[in-house]
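Peer 1: Listed below are the residues making up each chain.
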Amino acid sequence: MSVETSKQPTDLHTTPSELIRLEQVTKRFGSNTVLDHLDFSVQAGRHVTLIGPSGSGKTTILRLLMTLTKPDEGTITVDGQRLFPASDKQCREVRKQIGMVFQQFNLFPNMTVLRNITEAPVTVLGLSKDEAEARARELLDLVGLADKCDARPSQLSGGQQQRVAIARALAMRPKVLLLDEVTSALDPELVAGVLDLLRDIARTTDITMLCVTHEMSFARDISDQVLMFDSGRVIESGPPEQIFGDPEQDRTREFLSAVL
Amino acid sequence: MTWDWNAVSDFMPQFWDGLLITLQALVLGSLISFALGLVWALLMRTPSRFVRWPVGIVTEFVRNTPLLVQLFFLFYVLPEWGVTFSALTTGVIGIGLHYSTYTMQVYRAGIEAVPVGQWEAATALNLSRRRTWTAVILPQAIRRVVPALGNYVISMLKDTPMLMVITVLDMLGQARLFSQQHFQFTEPLTVIGVAFIVISYLASLLLRTLERRLVR
Numbered sequence: 001m002s003v004e005t006s007k008q009p010t011d012l013h014t015t016p017s018e019l020i021r022l023e024q025v026t027k028r029f030g031s032n033t034v035l036d037h038l039d040f041s042v043q044a045g046r047h048v049t050l051i052g053p054s055g056s057g058k059t060t061i062l063r064l065l066m067t068l069t070k071p072d073e074g075t076i077t078v079d080g081q082r083l084f085p086a087s088d089k090q091c092r093e094v095r096k097q098i099g100m101v102f103q104q105f106n107l108f109p110n111m112t113v114l115r116n117i118t119e120a121p122v123t124v125l126g127l128s129k130d131e132a133e134a135r136a137r138e139l140l141d142l143v144g145l146a147d148k149c150d151a152r153p154s155q156l157s158g159g160q161q162q163r164v165a166i167a168r169a170l171a172m173r174p175k176v177l178l179l180d181e182v183t184s185a186l187d188p189e190l191v192a193g194v195l196d197l198l199r200d201i202a203r204t205t206d207i208t209m210l211c212v213t214h215e216m217s218f219a220r221d222i223s224d225q226v227l228m229f230d231s232g233r234v235i236e237s238g239p240p241e242q243i244f245g246d247p248e249q250d251r252t253r254e255f256l257s258a259v260l
Numbered sequence: 261m262t263w264d265w266n267a268v269s270d271f272m273p274q275f276w277d278g279l280l281i282t283l284q285a286l287v288l289g290s291l292i293s294f295a296l297g298l299v300w301a302l303l304m305r306t307p308s309r310f311v312r313w314p315v316g317i318v319t320e321f322v323r324n325t326p327l328l329v330q331l332f333f334l335f336y337v338l339p340e341w342g343v344t345f346s347a348l349t350t351g352v353i354g355i356g357l358h359y360s361t362y363t364m365q366v367y368r369a370g371i372e373a374v375p376v377g378q379w380e381a382a383t384a385l386n387l388s389r390r391r392t393w394t395a396v397i398l399p400q401a402i403r404r405v406v407p408a409l410g411n412y413v414i415s416m417l418k419d420t421p422m423l424m425v426i427t428v429l430d431m432l433g434q435a436r437l438f439s440q441q442h443f444q445f446t447e448p449l450t451v452i453g454v455a456f457i458v459i460s461y462l463a464s465l466l467l468r469t470l471e472r473r474l475v476r
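Top line first, the protein sequences correspond to chains G and R.
Quick note: the first sequence, position 165, residue 165 per my numbering, numbers continuous.
Just remember that my numbering sits 260 ahead of the position in the second sequence, which is counted from 1.
Accuracy of the hints is not assured; some may be wrong.
Said to hold, decoys possible - Which residues of chain R face chain G? A partial, calculated answer using Cβ under 7 Å:
#, residue
1, Ala373
2, Glu380
3, Asn386
4, Arg391
5, Val396
6, Pro399
7, Gln400
8, Pro407
9, Gly410
These aren't lab readings, by the way, just hints derived from the structure by calculation.
All C-beta atoms, glycine included, are put in the ideal place defined by N, C-alpha and C.
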């Protein structure tokens, strides 16, 4: 993997390929400041991993980008369009570019696997049922679950459910895929399958990925940028070789020695 | 006290009439309470307090005043305002409205029991608000509340004799009428008692089947 130090994630100069940009974003829960005047940007096509202790604000960033929560201050821009502050209508428009995979999968238990994947392409993107199903079958093939079309989520293992959730997110053809601790709820023997799939997707598509993960080997594998969070700030960022091999900050070193 | 089978068979024609009315009141009352309760529950979730407050006050009022009073009110006061329904229609509306204020609570609990992750997944997929409700939230919520709704159906069944006070001849009304005509009380009252048990039992069987079908 090549080491690109020219594109720092905290670089604030707009470049044509800049896809996500947070400026001076602050998020508080009560008296607890989760994100503190955070600035960062992500270039299109990058695979960025957010690491750091729990409560350091990593997941909050993904939730802000998915509009599951709103910041108290600051601005968020995705592909040149304002996501915050913005009207609901504008949010809906911008959200089309973003997909998310959750720690708890969050598949719709009342629908078959196929319906889970076709629901949004049909009702949101306006695809015909046939187009959506063709797309869904292709994706199920990709995630290795072509034979589970008609199964209910409850009939699948955690790892299979998570792979369906990944297919469901990809069916919307997002530019950005947000991955929120996608293997944390899985039995250890099921983790590898999901991570292999994500590695494949990272390698074969130009989708921009933002991952929050505790799987450091995965972070090292797929990311070209690693951001180390602590107390709502990015305290260190760089290519994985640097962060994992030769971190500058003591706090990073301490964190890594605790988790590795 | 002797049991007279002849009285039973004499009562039968009136019994069938009463049974038909009771079942009509029960089925239509249930449907109204299921539909209206859902409407109340959804209105209580709108962001505007100018919707929530009036709905909250009205439903609280209806829930906390006796059904009997409501039936009298609907039957004797509404016509003064020029609104006239048949006795049975009034009864069905009365029971449906009264019980809708209970079923709304059931729906509310069912909706709140849908994990927040389902809402978040719907947002992440950019589903419209309408689609989120109709395709994701309500199918899961309603599946959870069927048993609780079923209990209210049984309660409603037991409240149908109240319709007698607004001249609806349900099973009890017919039994009373028969008793007064023939001075035989034991047989008609026993017959309708048994009928109530049988209807309750059949209703609960139906609900259990429905539950098993839904909870998969």
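Peer 1: Look at each hint and say if it fits the structure.
Peer 2: Tested hints:
Taking 7 Å as the C-beta cut-off, the interface hint given for R/Ala373 is violated, the closest approach to chain G being about 13 Å. Of the supplied interface hints, the one on R/Glu380 holds, with its beta-carbon coming within about 5 Å of a beta-carbon of chain G, less than 7 Å. Hint status for R/Asn386 relative to chain G: holds, with the closest Cβ pair at about 5 Å, below 7 Å. Look at R/Arg391: its Cβ gets to within about 5 Å of chain G, closer than 7 Å, so that hint holds up.
Restraint check, R/Val396 versus chain G: the minimum CB separation of about 6 Å is within 7 Å; hint holds. Hint status for R/Pro399: holds, given a least beta-carbon distance of 4 Å to chain G, under 7 Å. Taken as an interface hint, R/Gln400 checks out: its beta carbon lies about 5 Å from the nearest beta carbon of chain G, inside 7 Å. Interface restraint check: R/Pro407 against chain G, minimum CB-CB distance 17 Å, threshold 7 Å, status violated.
Annotation: interface hint on R/Gly410 violated; nearest CB of chain G at approximately 20 Å, more than 7 Å.
The structure fails to meet hints 1, 8 and 9 from the earlier list, while all remaining hints are met.
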